[in-house]
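Protein chains in written order, with the working numbering: chain C, -6 to 268; chain V, -15 to 437.
No lab work stands behind these hints: they were computed from the structure.
Model, not experiment: these values are computed from the prediction.
For each residue, glycine too, the CB sits at the ideal point set by N, CA and C.
Be careful, since some hints might not be right.
[Said to hold, decoys possible] Simulated coverage check for chain C against chain V, where a stretch passes if three residues somewhere in it have a Cβ under 8 Å from a Cβ of chain V: (1) 124 to 130; (2) 242 to 254.
[Said to hold, decoys possible] Selected chain C positions facing chain V (Cβ under 7 Å, derived; list incomplete): (3) 44; (4) 72; (5) 82.
If you want the building blocks of each chain, they are given just below.
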Amino acid sequence: MKQIDLDHLVQRVVEELSKKSQEAIPFPEEKELGVKNPHNREVLEQAMRRTPARIGIGRAGTRMKTTSYLQFRIDQAAAHDAVMKQIEPAWLAELGLPELYTRAKDMQEYLMNLDSGRFLSEESVRWLEQNGDKHKDVQIIISDGLSTSACEACIPDLLPSLLQGLALKNVSVAKPLFIHRGRVWVQDHVASIVRCKVVISLIGERPGLATAESLSAYMIYQPNESTVESDRTVISNIHRGGTPPIEAGAYLADLLADILRVQASGVAYAQLRVK
Amino acid sequence: MKLSCTIRKQQYQFSSVREVLGKASEEKSGDQMSQLSASSALERMAAKVVLSEMKLEDIYENPVIPYEKDEVTRIIYDDLNLTVYRDIQNWTVGELREYILSHTTGRPELSRISRGLTSEMISAVAKLMSSIDLVLASQKMRHQAYCNTVIGEPGRLAFRCQPNHPIDDPEGILASIKEGLSYGCGDAVIGINPNNDSVESVTRLLRMTHEFMQRWEIPTQNCVLAHITTQVQALRNGAPISLMFQSLAGSQRANEAFGVNKEILDEAMALMLRCGTASGPNVMYFETGQGSEVSLDSHEGVDMQTLESRTYGYCRHWKPFMVNNVSGFIGPETLYDGRQMIRADLEDLFMGKLHGLPMGIAPTYTNHMHADQNDQEIAGMLTALGGANFYMGVPGGDDVMLSYQDTSYHDDASLRELLGFRPLREFEKWLEKMGIMENGRLTERAGDLSIFD
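Chain C with its partners taken away, still in its complex shape:
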């Protein structure tokens, strides 16, 4: 073999090898059927389609298989990262709602000091006093909470559907507000300023593994100093894999109209509704 051929060969082998190492590992995102020799594969597949829960994943001894273990850790890592994600300014601009702030100056303060997210900042209080729509039936609040992804994914469908539903029922609605870093109880503060009958907050939930896009709606009828948690009506798990946003909007409109009718929310509403 000539020297030149050998060099050429070595070079080609090196190129091939580096090509291989540059190939990315495609990691599966779908649940894997991991049960060895299932009793009825079709039944198992059907069950796996019926729920986002991690079933049918099989086992290594009593432990998870490697792929499902890594999928779990990846989903958890993504959920953990999602908490700190900022809302897209362009998305907010397109939404076109007044932007208010709580007393929480940043995410860290918001996470560690509950009260900071429960009250509007002084500046936002002044703005709302001057510009908010007063004495309406319903005040809608949208807040990023613990998941900006939930707002971005759900609000574009949910809000129009909710507004349309309320309009059909002749319910008067104040201009919706976007509140940065708001907790549920900020709705009490807002209600005390705009003096609406019912206030509804649409808040991004803490991200789970199955979805970081879950939104919840908290409603309360005329909150005051003696308001307690069980006075709030809650609808959670609004997202593609739960209650779809459009459907949720229509449902919430019905619910708000009913809360206005019985003049109560939370446990008291549930009791009155039964009677």
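Chain V: place on chain C using the hints.
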């Protein structure tokens, strides 16, 4: 009562039992947020020193929330055995710790003093205990309860099958139930957290689980973890319930926020005993966890651990079948990271057991906390070593409705095998009949939900 001490020439002065309890707590973010925690590591130690010299009588005379003001305090004090209390009222908290850990103190002795200890005393002694202290003491105590099955027998470890679904789809829930059972999980209870809290929907799920249990002759209990008033409505309408659930807290104000009080609980339990499907006398299932009072702004100036202990003092009034501790469910504002979560779990297991309760632990973490699966598994192994009665079982450890992580079906089976524990007696026989378990180990058939086809 002495409320000051000198350490390394520095004097530390405290003003109340409540302040000492707060500052003697291990570091936790929730107590920091409420401004109850020690401002330095040495001040924390000074509080522990003062606490170690405090007499049980001093604690008895100074409940952290006044008797007149708070229903939880009233139940704790009214349920106390005064004969036992008088025997030990002159002990210091430090002496109580040594008594608990002594070789000559066993299960009967601990059961006896349990009757004479207020929840604040139990919280106090836990503040003087390290991780091994807590696990060792927990291991000495074992409390049984009887619903349809008996929970808490030595050498047995049970699990709640938690088959939640984001929109309560009965078929989806059933799939997760079958998967859990195929891993040997579900002997504590088949318990669903509903997304929809309406009476109709809750009733539907109760019927579905009841019928499934009947069809496959599964010796266990069913429960839908809706608000207690919703479950009472369902029960009145004839829904089959073997366990009634409610979340509880350690101050009256927090329980008001949960929409619950003694009257509601009394009524629910009486109704369960008349109309429920359980064979045994223990028909209640409670959930608790450090931090709920903080997040409901109703901590009344009391630290999270002491409030949790008071919750157990409240719980024990209704002789529950299960008390499940879910510290870690709330978020970093109460328990910042895995270290704080593990500590809380160990404290809670010990405090619950010293209250005489059939305790279970849910070592949980949320995704906005600084904790991960490794922390959770450590907490699971340690509390299992400490003899927890039960854990949760969630498919793949991921609750797709509540968005948090809890012990998985896999973890449940692993904890049993690690420590040589068996399922509850009747349920083990059923697992053997189904071919899922043999001699306490899962068979080849296990982990396949399609065996129920």
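Structure-based check of each hint:
With 0 residues bearing a CB less than 8 Å from a CB of chain V, the stretch 124 to 130 of chain C misses the requirement of three and the coverage assertion fails. Counting residues of the stretch 242 to 254 of chain C whose CB falls under 8 Å from any CB of chain V gives 0; the rule of at least 3 is not met. A distance limit of 7 Å between C-beta atoms decides the matter here; for residue 44 of chain C the minimum to chain V is near 3 Å, and the interface restraint holds. Interface hint at residue 72 of chain C: satisfied, since its Cβ lies 4 Å from the closest Cβ of chain V, which is below the 7 Å cut-off.
Proximity of residue 82 of chain C to chain V is violated relative to the hint, the smallest CB-CB distance being about 23 Å (cut-off 7 Å).
Of the numbered hints listed earlier, those contradicted by the structure are 1, 2, 5.
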